[in-house]
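Model the full assembly from the supplied sequences, consistent with the hints where possible.
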Amino acid sequence: MTTTPGPSRRALLRVAALAGRALLVVWVTATVVFLALRAAGGDPVEAVLGGPGSQAGPEAVAAARAQYGLDLPIWQQYLLQLWRVLTLDLGDSYARRTPVLDLVLSALGPTAALAVSALVLGWLLALGAAWLVSWARAVSGRLAPVGRAVVAVVRGWEVLASVLPHFWLGAVLVALFAVGLRWFPATSTPGSLAGLVLPTVTLAIPLAGFLGQLLGEGVGDAESRPFATTARARGAGPTRVFARHTLRHAAIPTVALTGWAFGFLVSGAVVVETLFGRPGLGRLLVDSTLQRDVPVVMGAIVVIALVYVLLTVVTEAVEGLLDPRAATTGEDR
Amino acid sequence: MRARLLGVAGWAALAVVVLLLLAVAAPDLLAPGDPDATDVTTSLHPPGWGHPLGTDELGRDVWTRVVHGARSSLGVGLVATTIGVAIALVLGLAAGLGPRWLSTVVARIVEILYAFPTLVLALLLVAVRGPGLAASVLAVGIATAPGYARILRARVRGVAVSGYVTAARLEGAGWWRRLTRHVLPNTLWPLVVVVTLGIGQAVVWVAGLGFLGLGALPPAAEWGAMLNAGRVYLTTAWWLSVGPGLAITVTAAALTVLGRALGRVSPS
Amino acid sequence: MRTPGRFTGIDMTTGQPSPVLDVRGLRVAFDAGRGRRTDVLHGVDLTVAAGECVAVVGASGAGKSVLARSLLGLAGEGGARAHVTAERLALAGRDLARASQRAWRQVRGRAVGLVLQDALGSLDPLRTVGAEVAEPLAVHRLAAGAERTARVETALADAGLDRPPVRRRQRSEELSGGMRQRALVASAIVTAPPLLVLDEPTTALDATVAVGVLDLLARLRDAGHGLLLITHDLGAVARVADRVVVLDAGRVVEQGPAVSVLTSPASDAARGLLAALPRGPKPVARDEPTGPPLLEGRGLRRVYPTPAGPIDAVRDVDLTLHAGESLGVVGESGSGKSTLARLLLAAERPDAGEVTLAGAPWSPAPERQRRGRRAFVRLVPQDPLGAMDPRRSVGRILRDAGAADDAAVVRLLASVRLEPATAGRMPRSLSGGQRQRVAIARALATDPGVLVLDEPVSALDVQVQAGILDLLATLQRERGLALVLVSHDLAVVRRTCDTVAVMSGGEIVERGPVERVWARPEHPVTRALLAAAPALP
Amino acid sequence: ACSGSPAPDPSSPSDAASGGSTASDGTDAPTQAGGTLVYASGDAEPTCLDPHVGGNYPQALISTQYLEPLVGRAADGTTTPWLATEWTVSEDGLTWDFTLAERTFTDGTPFDAAAVKANIEHLQDPDTGSSTGYLAVEKVTEVEVVDDRHARFHLSEPDAALLESLAQQWTAIQSPTGLARGMEENCLAPAGTGPFVVTGWTPQQQVDLVANPDYVDATGEAAPPLLDGITWRFVPDAATRYAALVSGEVDVIDNPQPDTITAAEADASLGIEHIDNPRPGSVNRIELNSGQTPFDDIRVREAFIRSANPGPGIEALFSSTAVPSFSPLSSVEPVAVSREEQFTYDLDAANTLLDEAGWTERDADGYRTKDGARLSVRFPVSTNQSVPAEQALFQQIQANVKEAGFEVVLTPLDLGAWYAALGAHEYEAVSAPYTKVGPDVLRILYHSSGTEPAPSGYFANHAYVRDAELDALLDEASATQDAAQRADLLEQAQVRILEGYYILPLYDQQNHFLVRGVTGIDTSNPVATLSFQTASLTD
Ligand SMILES: Nc1ncnc2c1ncn2[C@@H]1O[C@H](COP(=O)(O)OP(=O)(O)OP(=O)(O)O)[C@@H](O)[C@H]1O
Ligand SMILES: Nc1ncnc2c1ncn2[C@@H]1O[C@H](COP(=O)(O)OP(=O)(O)OP(=O)(O)O)[C@@H](O)[C@H]1O
Ligand SMILES: [Mg+2]
Ligand SMILES: [Mg+2]
Ligand code: NI
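Chains as they are written, first to last, in the working numbering: chain R, 1 to 333; chain Z, 334 to 601; chain U, 602 to 1138; chain X, 1139 to 1677.
These aren't lab readings, by the way, just hints derived from the structure by calculation.
One or more of the hints may lead you astray.
Said to hold, decoys possible - Okay, derived cross-link-like pairs now, SDA-like style, lysine to any residue, Cα gap no bigger than 25 Å in a straight line:
1. X:Lys1540 / Z:Asp361
2. X:Lys1540 / Z:Trp396
3. X:Lys1540 / Z:Pro368
4. X:Lys1508 / X:Phe1597
Small disclaimer: the values here were computed from a predicted structure and weren't measured.
Written out as structure tokens, the structure is:
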């Protein structure tokens, strides 16, 4: 037997590999952003001088260029940006003159709160729908038509939910629950829990539709497998079969696709943040892209990339928990 | 025999899709008017005779616009999904069939693509290429690619090591034959369900980009743009969003249902 | 063994001991679309008394599995909607013919335990064996905590699994097929239900292990459980069954004491089954092989990496096969038979040694050079379904395999006793026996010189099996086909093969002419296998 | 960096928030004193709260609450005293003497001539990055500190618009101590003499302001605000802003949709009041690029304007909230010249003009062509600066001019791309907002010097008017000290602009507010922003 690396060394290796992946993602995203914003029209110096269309004098322009290194050759600017990203210093915003890190971090909190609550609610709704379907499918006898109707309704809801545009759904929810019933405020501030409700629901419903369809497909698949029949033969009811057997099988691919869902969440967050007047990373990103505020765009995207890497680690861990087989086959994903 | 398996919902979905295709091919059959013809004297009329879905703020007939919008809206979904699937095919097949290092490279590419949410891509593309549907469609296409790629890769791997691909090899089939006869058909069919789901979503995503001013150019009768314009009048003229909203959801639902039915019917 | 607890089998009205299972006029039909139905069971009557083992036998597709599932109210599982009616369907004295789902649930797992036919997939791969076995206890709140664990371990031990505390923590994929089947039996008996329904509980087992499971069933029967055993293994029937029910096309055509049905069958169905049983040596002995060997393996070795370190699946195996020769390979489950078959096919590269085909390099050659000769060496894999592209019809599969035209397809199908219409079917819609026959037809499509068959007849009822074995013998005689036959059914090997190789732990431990080995087994493994082989009255 | 005091929960109705302190100064308030007003702004969030830096309208809106300019402006266009109580100008127009009021900045620094000097120098310092304010005081060469209460401005050339320029929020006076802190800090909380003080700024969310208890108004009276403070929120979506107003989360919103204004006015039970406060200076107009084909031909310009017919569209889209304009200047400018007859809809005339101009062919889509080139008008639209109703109006115009054979290509662009398109002259028509107090805006927008791009590429004269006679009129108006003569010159200039068919005036630069449960809002600021100094919450 050769000596296998000890647990601490293995952990170290894993962390190193992860850090390498994170660095790669960050480097590529930063490069793409830099190149794209370069290729885009508009002079970044305008961001410094109070937005595009500024009528600042030549001295002001020169001063701003010098201050932000915009007079350097392109490749030096690129290296400078990279260096800043690497040292997590990120520099100062062109437009706001405050450190990018402060801006990005203060925007990250509200977006994270929104995304996490939407992810949780989306999963809960999807789980509820999947459970309802598996329960309704088990209904037999005189109530069988009711069961089939429930299945059809849930399936319909999922299809519908997954194609509701955020901007429209949000507006409808505001009209109903803020203006009509006055249950929740129409605008949202990070401090207020009530204010989080409508944005969360706006983001969660399409997500629930998407996850629900994946989950439903998986549950349906697992339900027809012999182990599910065996479980029923042991007297397990639909809820137990769902909770202990089929859900887990269905959850594995669904969890794997949560990374995909995350990308949609971030995009959805921009819409929702704009709609509900809520601060956040998405809005920051849009605003600063429009202003060509390169350091902020870079900072925001790098943070999103890092969060994504983190999320991948979490989903991989969850997948590992759900599916012990992955651990033994050691498949590289 | 297979048609019977479609079921009532499948048939209804098929009917909707046929209607949609009709709207795409010959919109004038369903709505003979000019979708861009304005008439401020009839602005914001609620649904009624002559205007089944009402009129918008410029007095344009919503029904006519919805029908004529099918072409660009469906096009949006189809093109975006095609782009996504095409990228995913290359990535997924390379990762699933190629050597281990290639699979790792693809995994990293997918990871990087994931890190660019739809919106970020759209923003950058619009910044570089100027606004319009093309940039949004491309962005949505690219942004959906990693998801498809992931599904594909897992599937391709499973198929590649499956007994029937091995059996084909033992029967003397070369790799091209194995790829085209066994691997591709068995990986692509399951994707049909996901893809039909994706078309509807793509329409919605492009619409969402329209909300941020990154979508179709006016006065294009594109559903997303119409829905977005109608949202402003949600409290004063609800019918503006009902027409395009229904069009988007019914289309997406029909495609999804049809995809599911096809997935069931497909020999598997 | 624990005696049955609450369900004592006392008829509530008469106070007399009543059968644990009493079925009258059970009819099952499946939806066939457009409001039509296909009837599968046409009024089956069946009783099982406490302490009695009733065997259900019959041709493939007779409705045996549907009957088993119907007894638990699960007729419609995994397929079309089922319509079940019965005049009486009493389990442990309780009539469930019109029972609600809730009532059924209370009965399942407690009054009746089920072992499904598909043993390999019947344990949830994501859960530990312990959790699966404990499930009936948990569902019916019969035991918790340490007591539950203790009962699970007892059940595992009763089912014949070694080291229950270890097995309990493993998942099904970490167990071999035989172990899984025993774990499944454990999960059915853990609540000590008055009635056990077992659908082909020994198909995945080699003879030695199968005997262990049958002995367990005998003990359960003696402890007062009623058993309903579905099997196509008449040896097993002879070993444990008190009574036999013969099912044919959804009807009970004969029933009676096991001895009388097996020795003097009354129905055509039963007679057909018995007549087709493989018995005795190969009818036509073959001349001594001459000329150079057709297929030759020397010093073959195959190592697989596993989480617990590498294992030698095949080790130092030498093997020669001449034209017209048929070689049987027998051995315990996991002894390396299938691995050896794959090496001979050059489906995998050996880690040491090499295979030559007609004197030319075979395993060391690049695949490109082998491709042309693949038509000459063909495999019938152990898992025929997995080897068929699920999206290609039987006809296309046969065309892919080398059948020249539709006529050739029909001829091939006929040779394995399948109807021409089978060509249009999809692999998944075929019954287990049909799939195996398609796999054989497929291997024959190019008129090969060497045929390697891995458990080719395990899912066939004996009549079809006899037909296939005859076909192989004919081909061998007429065309000089060389056969390698991997099987755990010793009777089949004896009837078909000239020489036999016995494998254990990756090595060939004994080899020689079949009749010599049968008469004077030398290696303990061989002796154990032969001793365990079922004997018919 | 952007820390501040914890924000009050703006989701709860404003009158319930903030301590319930009552008026302690004994004034008999007709309404409930105290409370925090919540203002929801749809304009872009400023990147700096100091309006010297950059200088845009959102900065003017918020800085009105804490900064005051040297002078004010009455409705008739005359200049009124504010931080400066009196002023005189020399015969040659090159020296201005200002007498300053007694004030103290909210950071305790006294307001004096040195402070004025520091502010003008701050505006002119390239490091400030000032553009609007910089242009306003371009001609000031030096500010001389005569004594604490007297400041003397030396000019390089006469500037008739100096007082108008100094009346703008972009040149408002800040504490020199505050300015000395450096831009980063001053941007977060500039200190002025205004009725409120900035206490915190949560980016993307809100700015918090509290009342300045020592506030002294323009008349010299102590006039502390009735409100305890203001929560200035940024809510970019118009529908959400209106919903928040209706549901009582906010008290004042700006930039409402025209249809919601109509709805609010129609339904008295909502209790919503509408404030229409058109911006001064220029009118909202479509500028036709006379620097290149096809609009280098006046006949084509006239044909476009004759066939555009925006009136019914404005009526339908804005109801009564916007009145069609026929002038280059805002209706609040007393010297504005309006010539409705020039803009009457006349499709036949348009067709004749185009035929004369040589655009005689029509292609398959019905557009006119000349030498194979389509009569095409690129019209980039800034999505950030144009409300949906206005974009719909452009579509209406697009449909109308199509009758005459014009193809209009509307391209919505983000601000950066929009300016880039203008800078590259990739437009034939454009609508660009420009706010400046007084008719001097004509010089910026239509003087040929306005076609020369600034270093950033920006030029204000989008219509590309290069008319020597017009230049002379505008220069003269700028130099003259005589108000009547100036008005006459400016009227002549406007007529030239209108008769050159360079622009299609639409309506005043829209500046609407909806208010619910607030009284006493002061709308008299020269740049038409709202001041809440005298405002109080009702109910
Ligand atoms: N869920 C179902 N839906 C439709 N048809 C079914 C279903 N289950 C079984 N059948 C059909 O019922 C018939 C009996 O099947 P069953 O599985 O009981 O056969 P069997 O006697 O167990 O055969 P084998 O020995 O091959 O296992 C077959 O024709 C089969 O196709
Ligand atoms: N692909 C593989 N990877 C790892 N181990 C393998 C693989 N294939 C076979 N083995 C192991 O090699 C040994 C021999 O397996 P093989 O399938 O040849 O057995 P067998 O004799 O055919 O058994 P059975 O009668 O159950 O089919 C077993 O221990 C098995 O677990
Ligand atoms: Mg069966
Ligand atoms: Mg095997
Ligand atoms: Ni058919």
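For each hint, the structure was consulted:
1. Between X:Lys1540 and Z:Asp361, the direct Cα distance comes to roughly 21 Å. Compliance with the 25 Å bound is thereby established for this hinted pair.
2. A hinted pair counts as satisfied when its Cα atoms are at most 25 Å apart, and X:Lys1540 with Z:Trp396 qualifies at roughly 23 Å.
3. Between X:Lys1540 and Z:Pro368, the direct Cα distance comes to roughly 14 Å. Compliance with the 25 Å bound is thereby established for this hinted pair.
4. Only pairs whose Cα atoms come within 25 Å are accepted, and X:Lys1508 paired with X:Phe1597 is rejected, the gap being roughly 30 Å.
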